[in-house]
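Asker: Chains as they are written, first to last, in our numbering: chain C, 1 to 253; chain U, 1001 to 1253.
Just so you know, these hints were derived from the structure itself, not from any lab. Every value quoted in this text rests on a predicted model; they were computed, and no experiment measured them. Errors might be hidden in some of the hints.
Claimed, not checked - Here are the computed lysine-lysine pairs in the DSSO-like style, where the Cα-Cα straight-line distance is at most 30 Å:
no., chain 1, residue 1, chain 2, residue 2
1, C, Lys-78, C, Lys-100
2, U, Lys-1100, U, Lys-1142
3, U, Lys-1219, C, Lys-189
4, C, Lys-187, C, Lys-223
5, U, Lys-1158, U, Lys-1140
6, C, Lys-158, U, Lys-1189
7, C, Lys-247, U, Lys-1223
8, U, Lys-1230, C, Lys-243
Claimed, not checked - Pairwise CB distance ranges (calculated):
no., chain 1, residue 1, chain 2, residue 2, range
9, U, Lys-1230, C, Pro-59, 39 to 47 Å
10, U, Lys-1230, C, Gly-9, 22 to 30 Å
11, U, Thr-1146, C, Val-224, 27 to 35 Å
12, C, Arg-220, U, Ser-1035, 19 to 27 Å
All residues carry an ideal CB built from backbone N, CA and C; glycine is no exception.
Letter by letter, the chains look like this.
There are 2 protein chains.
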Amino acid sequence: MNIFLIGSGNIATQLGSIFKKKGHKIVFVYSPTLSHAARLGKKLKCKYGNDSKSIVNHPADIYLIAVKDDAIKAVVNKMPALKDQLVVHVSGATDIDVLKKKFKNCGALWQVQTIILLKNTKPIPVPVVIEASNKEAEKKLKQLATAISSKVYSLDSKQRRVLHLGAVFVNNFPNHLYTIAQSLLQKHKLPYEIFHPLILTTAQNGILNPALAQTGPAKRNDKVTMNAHKKLLRKGNQLAIYKALSKSITELY
Amino acid sequence: MNIFLIGSGNIATQLGSIFKKKGHKIVFVYSPTLSHAARLGKKLKCKYGNDSKSIVNHPADIYLIAVKDDAIKAVVNKMPALKDQLVVHVSGATDIDVLKKKFKNCGALWQVQTIILLKNTKPIPVPVVIEASNKEAEKKLKQLATAISSKVYSLDSKQRRVLHLGAVFVNNFPNHLYTIAQSLLQKHKLPYEIFHPLILTTAQNGILNPALAQTGPAKRNDKVTMNAHKKLLRKGNQLAIYKALSKSITELY
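Build the full structure now, drawing on both the sequences and the hints.
Answerer: Given below as structure tokens:
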């Protein structure tokens, strides 16, 4: 399939590279910033530009909108209405309604994965969630999705939003808790490496059965330990997080 | 070394088994509940009982107090004062002061790991933190610790408490967030397995550089997405957790 790529950031780069590798053709990379469009266009060995009219001049089967969530609307506004082509965004948090007004065949393709893969991080097969405006579009989108994952789930916008919220709870929030722990240890000149095994085991347990794996002072409602912990935390955000999570754990068990 | 084991729960079982395997001798298992003492005593093929006088009758080099944090004091009260033997607790949250009054040679040996290893969970080498009341005791304790880990850290009670608090942030709290995500998905009939790769990658990124790995609506201060998320959450604890963590992330970046 011929793919017109809109966007030049992490996800656009990643998806463009995979689709090209899997035999699809990237016909054009569009970005409002010419240098960004050029960087990705050269990488994918295709045409590129920052003129939104290029969308009309470079016909494609699929228009892939791989931009930040809050930029999707602006991109849609710049695009001509399309009847035959498939227009797809890659956002977990955005309904496909934003596309439906202008494009007969549209959908979403969301990878349930963090866009950041730090060096040395082992890549793990990534589930992909899709949604399409009609059966024909879904068939095409599924074909595209199977190029990047063996685990493709068809969900509606509401389900995808729930999943996106869940992803905040299993990615954004644990990652911030790691950040707090790291800064706490740094402050007391303790090596963060001491937590590496614990972080990995916690994730492995959490995949299997988090409710069964819960331990700690909040679960035991051990007020002596929790009070000692609170004294060690800076007032403000860290303390508020400690209290909110401990309260929730204590009340659940 | 001859070890007298006080306690019969997860940690007592795990440590008793490892020390026996590594060539130390478990001379006795004491637990206030006879059936518990019997179960572990039979497993370790040693004497057992629920009479606290057995501590006097079964001399050992090391008395290992492997009971719940809030039961340590009661155990110490039951024990005779000891001059030559080493008395060790295995708590991350408890100062060794609780032992110093009664025992000349005392210390703590804390494994930086969750005590729960669910089936199929790969065991990962576990760092061990020790603290001792004097050099002689430290030498003995280090010898014991190296039997179970190649990573032994000598820290004081304050440092161990900071580490224990950190462990709450990298284990107890992320695990609770997984639990919330799982219940959220169950409620909307979505499969939790969809998050397995994300959970693992998040942990791998979090080990390397959590600050660099942070993404999500709170980091972007994307209020539209955060408001949509809040609507999906039950009022109460889940919402309080979402708000506290999002606020902390937004303010950090």
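Asker: Work down the list of hints and note, for each, if the structure agrees.
Answerer: For each hint, the structure was consulted:
| no. | hint | result |
| --- | --- | --- |
| 1 | C:Lys-78 with C:Lys-100 | 15 Å, holds |
| 2 | U:Lys-1100 with U:Lys-1142 | 18 Å, holds |
| 3 | U:Lys-1219 with C:Lys-189 | 27 Å, holds |
| 4 | C:Lys-187 with C:Lys-223 | 25 Å, holds |
| 5 | U:Lys-1158 with U:Lys-1140 | 21 Å, holds |
| 6 | C:Lys-158 with U:Lys-1189 | 12 Å, holds |
| 7 | C:Lys-247 with U:Lys-1223 | 26 Å, holds |
| 8 | U:Lys-1230 with C:Lys-243 | 19 Å, holds |
| 9 | U:Lys-1230 with C:Pro-59: 39 to 47 Å | 42 Å, holds |
| 10 | U:Lys-1230 with C:Gly-9: 22 to 30 Å | 26 Å, holds |
| 11 | U:Thr-1146 with C:Val-224: 27 to 35 Å | 31 Å, holds |
| 12 | C:Arg-220 with U:Ser-1035: 19 to 27 Å | 22 Å, holds |
In terms of the numbered hints stated before, the structure departs from none.
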